[in-house]
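J.: So the sequences go chain by chain: W and L.
Going by our numbering, the first residue of the first sequence is number 10, and it counts up by one from there.
Going by our numbering, the first residue of the second sequence is number 6, and it counts up by one from there.
To be clear, the hints were calculated from the coordinates, so they are not data collected in a lab.
If you're wondering where the values come from, they're calculated on a predicted model, not measured in any experiment.
Do not rely on the hints blindly, as some may be mistaken.
Said to hold, decoys possible - Among chain L residues calculated to face chain W with C-beta under 8 Å, some are:
#1 9
#2 10
#3 11
#4 21
#5 61
#6 242
#7 245
#8 496
#9 504
#10 515
#11 516
#12 522
As the list claims (entries may be wrong) - Mimicking DSBU-like on lysine-lysine, the simulated pairs with C-alpha atoms at most 35 Å apart in a straight line are:
#13 L:454 x W:320
#14 W:271 x L:286
#15 W:300 x L:452
#16 L:190 x L:454
All C-beta atoms in this analysis are idealised placements derived from N, C-alpha and C, irrespective of residue type, glycine included.
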Amino acid sequence: MSNFPLGNIGGTPTVQSDFARPNSLTGGHRGCQGCGEALGARCAIDAAHQTTGGKILVVNATGCLEVFSCCFPENSWSVPWLHSLFGNAPAVATGVAAALRSRGQDSIRVIAQGGDGATYDIGMGCLSGMFDRNDDVLYICYDNQAYMNTGVQRSGATPPLARTATTLPNKSYLGSDPQTGKNLPEIAMAHGIPYVATASIGNIRDLEQKVSRAINIRGSRYIQIHVPCPLGWGYPTAETIRIARLAVQCGLYPLFEGEYGKLVGSTPVEEPIPVESYLRPQRRFAHLFGKNVSANAVGVLQNIANGNMEKYRLNWEILDA
Amino acid sequence: MPKPFATVLETATSLGNNTGSWRTMRPEYVNELPPCNATCPAGENVQLWLSLAMAGKFREAWEIIMRDNPFPAIMGRVCYHSCEKTCNRGLFDGAVNINMIEKSIGDIALDSGWILPRVTSSSGKKVCVVGGGPGGLAAAYFLAKLGHHITVYEAHANPGGMMRYGVPRYRLPSKIIDAEVKRIKDLGVKIVCNKKISHLKDIINDFDAVYISIGAQVASKSDTVIKKGSCVIDAMDLFQKLEDNPADLAHFGKKVFVYGGGNTAIDAARTALRLGAESVKIIYRRTINNMPAHETEISDALMEGIEILCLRTINTVDGDQILLDKMNYDEEFGILSKTGETEVWQVDNIIFAVGQTLDTTFFDGISDILISENGAIEVDRNMMTGATGVFAGGDIVPGKRSVTNAVGHAKKAAKGIDEYLGGASEVPIVKNAVAHFKKLNTIYFKKDKRTNILRPLNLSFEEILPSYTNDEISREASRCFSCGNCFHCDNCYGHCPDNAIRKQQNGSLTVNYDHCKGCGICAAECPCGAIRMVSEEK
């Protein structure tokens, strides 16, 4: 994990610590207090902006990010930005990239972005098509693990046993079924596209490096950023970064990179923690710690974390490509 | 441009949307008191000079130390560094070695010959300082900087007081004292040595104000019965002989006992070892954990082969034999009692180091001075005694006794004297809250052990402790957590989801309350606890 602050105390300065950073997503947006997605979006797009010298164009899917950043007549984006529908951001971005290419302007890099609902569920078909054609687009998914904008309904990214408005736990039901859900970074890797990575706002230095690397690769690229949501997950607004950090430290959110379908590197977890330290502060998992719940419930999540540790070699140094 | 159908508003950036109105809590940058600064008896701004030392700005760091303490090189050798005991890094991976950094910076200043700016103003007031020890010299320094004319009277042949006659040379070489005292002389302070002022009334009318820092000079009495006591020597006499007439100690004994448990006892024992003693034993009445001596001093003494006989008192000294009473000590209630057992040892010399008290005859004939029951001079918050214009500090006033405390008293008294002589009245400083460990976010610090330095075993009077190299100073200073004060790491700026922290080109950080929603991420992610969330007033 990032042991260093964002500026020049002990590490290399980040884009986010630069006094002249682009602020692609400006202030005055209507994201909730402590919104992880707003921070994740600014970090990612600023890093892309800095790397390309501002030659970027962003296509946005419907979702929290789109809704809170462009309430008519205001707009919070200081980069060229386009919104169409919930499910078609990858298709629109494909079109934008094709148009730029036909005009000989393919030095302008195209980014498509959306939440986990638009990515995992509603836009999945368009996204898979974009990967299939290896269109020259970087797709960034801000993963807050449910449909937050419409009132915290379960999405394909919702973790097992989490409470959402549509998976309310009761005596015989412990929240989202462990047998459901999908792993989109793996699905993206299965398409054999040039670059896939996961990142977290708990480690902005790592996030920026991944975006900077991905933005100049040609072909389809996919980056998924873990962005905790204080409202939907139920934790105090000040803890957004801490929760993101804990998710990585316990192994439930592995940070890794893949190229052409192969795992090529992962961000090591220096001091792994039990998943309970990550789950306990969140109300969406509070029912797992009630009186009459078997310890096995947390064990299910711990097993997933242990599996990730092994699968993504989180205890290892960066692997050779 | 005509607006689309049913549209009344102009499109614009969201920057005009003042989301600050959502806020119930507001972040504020604070300057809290780091524990090191809070506990320093001399009131040094430790954190500030550490940050300068980290940046390699040793001259600036030295100037900051010199604001509060004229003896960095001496402090780095003799101060008991309470700062390190309270250092928050101690709860993480070992306190910052503040003492060693101070010593190293002090040495760089002496080696480079850095001098103080000349005092150009003159108040025309004459102040007398009685006692040329750390307190007296420091008072002279602070007062001279304010433009007063200072005369220091010192009873011994050389200035330095307890720094010279209370600390052995292997801890503090004479040349260091000479060099740091010279800097004070160069400010225009007149130091008159070999002039003992026996009575305050002799000089009180010759000066506008007097600062008394004569120390506690009389050896405390113990209950020991001394039948034939030619082998008994007081620790202070030993140190003084060693300094002024070392020849007297040519035939110092081989079997030496030291009576006492403080730092002076340890110093005396280690001195005896260096004078050629073959066995040195310290006799202390309580257990080793209760010894008032500093931990590192005790461990150094043990390393040099000194034995500590705990739970014993000396009952009788009779020629070359001593009779010890074995004691019981009840840790819980702090009660000391005799067990009834005794033991007899053969000795060549016994050094008494059971403390000193004040010689109150100095104040005879001055009626307004209040002397408390335990023999300390009562002073007010400006260090003024009951007698107008007479100020006192150091070991003669109540409180802890150390070189650093004496400097702290001197600083306070200098302000008091200046005010008394018509200088600007001191606005009482409201001390900020102390930045405790729980206010920090230590996830942003890497575990990094303190820069240790080898302390070779050396049983001569040569100085034992080496200095840090310049790189080591900066490295060790960079371990400072900057508790309670922003160190410009940009975590708040980078982590704010609402761009509500503004950063200027020069690195300064401010909150933009128009956009700040009060989520508190900045405060939670601040490594040094320099941001506080406070409730919005209605």
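J.: Given the hint that residue 190 (chain L) pairs with residue 454 (chain L), does the C-alpha gap stay at or below 35 Å?
T.: With Cα atoms ~40 Å apart, residue 190 (chain L) and residue 454 (chain L) exceed 35 Å; violated.
J.: Hint residue 21 (chain L) vs chain W: min CB-CB distance below 8 Å?
T.: Hint holds; residue 21 (chain L) Cβ to chain W Cβ min 7 Å, cut 8 Å.
J.: Return the status of the interface hint for residue 515 (chain L): holds when the least beta-carbon distance to chain W is below 8 Å, violated otherwise.
T.: Violated, because the Cβ-Cβ distance from residue 515 (chain L) to chain W comes to roughly 12 Å (cut-off 8 Å).
J.: Is residue 454 (chain L) close enough to residue 320 (chain W), meaning Cα to Cα at most 35 Å?
T.: holds, 34 Å
J.: Once the shortest beta carbon distance from residue 522 (chain L) to chain W is found, is it less than 8 Å?
T.: holds, 4 Å
J.: With a cut-off of 8 Å on the beta carbons, see whether residue 504 (chain L) makes it to chain W.
T.: holds, 4 Å
J.: Measure nothing beyond the straight line between the CA atoms of residue 271 (chain W) and residue 286 (chain L); if it is 35 Å or shorter, mark the hint as holding.
T.: Roughly 71 Å between the alpha carbons, so the hint for residue 271 (chain W) and residue 286 (chain L) is violated.
J.: Using the nearest Cβ pair, does residue 11 (chain L) come within less than 8 Å of chain W?
T.: violated, 11 Å
J.: Interface hint check: residue 516 (chain L), Cβ to nearest Cβ on chain W, cutoff 8 Å. Holds or violated?
T.: The hint is violated - residue 516 (chain L) has no Cβ within 8 Å of chain W, the shortest such distance being about 11 Å.
J.: Are residue 496 (chain L) and chain W close enough, Cβ to Cβ, to be under 8 Å, as the hint says?
T.: holds, 4 Å
J.: Let's test the interface hint: is any C-beta of chain W closer than 8 Å to that of residue 10 (chain L)?
T.: violated, 13 Å
J.: May I ask you to test the interface hint for residue 245 (chain L) with respect to chain W, counting a Cβ-Cβ separation under 8 Å as satisfied?
T.: This interface hint is violated because 50 Å lies over the 8 Å limit.
In summary, the numbered hints that this structure violates are 1, 2, 3, 5, 6, 7, 10, 11, 14, 15 and 16.
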